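Let the sequences and hints guide you as you build the complete structure.
As a plain string of letters, each chain reads:
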Amino acid sequence: MARRKKKQDEGMIEANLLPVMNIMFLLIPALLMAMEFASMAAINVSPPKFSSAPSEPQEEKKDQEKPLDLKVFIMEDGYRVEASGQQEGADAGKSADSGRPTIALAKPGAPLDDYERYDYKALEAKAKEYKTLFPNDTTVKVSAEANVHMQAIIATMDALAGSECKVGKLLTDEGHDEMAPKCFFWQPIIEGGAG
Amino acid sequence: MHDPNAAAEAAHKAFLAKKKAKAAARRQKEDEKAELGMTSLMDIVSILVIYLLKSYASDPVVINPTAGQKIPFSVADASIRDGIPVFVTVRGITFMDKKVVTMTNDGDVDPAMVQNHLIGPLFDAFQEETDKAKALSENRGTEWEGRLIVVGDQALKFSTLIDVLYTAGRAEFKEYTFCVIKQS
Numbered sequence: 001m002a003r004r005k006k007k008q009d010e011g012m013i014e015a016n017l018l019p020v021m022n023i024m025f026l027l028i029p030a031l032l033m034a035m036e037f038a039s040m041a042a043i044n045v046s047p048p049k050f051s052s053a054p055s056e057p058q059e060e061k062k063d064q065e066k067p068l069d070l071k072v073f074i075m076e077d078g079y080r081v082e083a084s085g086q087q088e089g090a091d092a093g094k095s096a097d098s099g100r101p102t103i104a105l106a107k108p109g110a111p112l113d114d115y116e117r118y119d120y121k122a123l124e125a126k127a128k129e130y131k132t133l134f135p136n137d138t139t140v141k142v143s144a145e146a147n148v149h150m151q152a153i154i155a156t157m158d159a160l161a162g163s164e165c166k167v168g169k170l171l172t173d174e175g176h177d178e179m180a181p182k183c184f185f186w187q188p189i190i191e192g193g194a195g
Numbered sequence: 001m002h003d004p005n006a007a008a009e010a011a012h013k014a015f016l017a018k019k020k021a022k023a024a025a026r027r028q029k030e031d032e033k034a035e036l037g038m039t040s041l042m043d044i045v046s047i048l049v050i051y052l053l054k055s056y057a058s059d060p061v062v063i064n065p066t067a068g069q070k071i072p073f074s075v076a077d078a079s080i081r082d083g084i085p086v087f088v089t090v091r092g093i094t095f096m097d098k099k100v101v102t103m104t105n106d107g108d109v110d111p112a113m114v115q116n117h118l119i120g121p122l123f124d125a126f127q128e129e130t131d132k133a134k135a136l137s138e139n140r141g142t143e144w145e146g147r148l149i150v151v152g153d154q155a156l157k158f159s160t161l162i163d164v165l166y167t168a169g170r171a172e173f174k175e176y177t178f179c180v181i182k183q184s
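Line by line, the protein sequences give chains A and B. For what it's worth, my numbering labels the leading residue of the first sequence as 1, then goes sequentially. For what it's worth, my numbering labels the leading residue of the second sequence as 1, then goes sequentially.
Be careful, since some hints might not be right.
[Unchecked claim] Only some residues are given here: those of chain A computed to face chain B with a beta carbon under 8 Å:
hint: 1; residue: N22
hint: 2; residue: M24
hint: 3; residue: L32
hint: 4; residue: S39
hint: 5; residue: A41
hint: 6; residue: A42
hint: 7; residue: Q151
hint: 8; residue: S163
Read the hints as simulated data drawn from the structure, not as lab findings. The structure presented is a predicted model; accordingly, all values stated were derived computationally and were not measured. Just so it is clear, CB atoms sit at the ideal spot from N, CA and C, and this is done for glycine as well.
See below:
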């Protein structure tokens, strides 16, 4: 009887958890500092291409044979959209009209740091229009005036890709078929000194 | 004749005696050791550590913006792949935890530092790092990917952005990624 009681007492020894707790409490602030609180994403862009002058008019070909070569120039007073070397909305006989944007500002007179000043919806509609004509094209050249802010450039890229486009999903085998019709021009090429 | 004062005194004496006996009994009893319940605390801390470890492990690159930096918002959802980050704000350019360029009050790079889109001090810092990264990749027997993660600022001017990208291109970076905050 006495032997059994002794055995029971030996079995009740508790593990000393204090050193483990000390390590755990040190780990918490270390991990908290390494943790990111806002979830980050990436927009992959192709290297900048520099051109000192606007592209020269190309030879007249049939519409189907022409490459789209979509270019969007972000100006302080709106967007200039150019496809196949021809600016949309330019005067007759001219390939480009630097004085007039293709898509005017949504908020005329708003300061440059008001990032809702550009008409992203109209640009997205324009991108959708071009995508139906050129379904295999995914690249777009993006350029801007020197003072245009990065947030406006990023929002423009979002509009050109399509607001419902999820590039991360598009690049997977499972999500490709679902995302392909929603993604327009999701491969931006940054171009400097153009326009 | 029954004396009410004597009765009250006797009751008081009885009460004191009882109190004394209780105190003596308490003194004789061994002090009980107060133990802290560690199991529940351990459970909470373990769950917290596992959650933090998981959120840490899921991101290959940890981006810690510099003070006052406002990273642009986007609907993009692609995850950030491994690369070298450069922090470009309206106050300066930070590369490998070192502020290599200080901007002017207008948020532009000092014109004395820029020559035909090339930012001199940034190019030197880039080249030093690319040489190291290339040597490391060579030793490992892998190809250097040359990916630059541009952590910009909402108010960063396009001209500055172009200069940074051009400088990176000259330092043999091949791929560029804009770091953005996912918009819900």
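Status of the hints after comparison with the structure:
no.	hint	in the structure
1	N22	violated, 11 Å
2	M24	holds, 4 Å
3	L32	holds, 7 Å
4	S39	holds, 5 Å
5	A41	holds, 5 Å
6	A42	holds, 4 Å
7	Q151	holds, 4 Å
8	S163	holds, 6 Å
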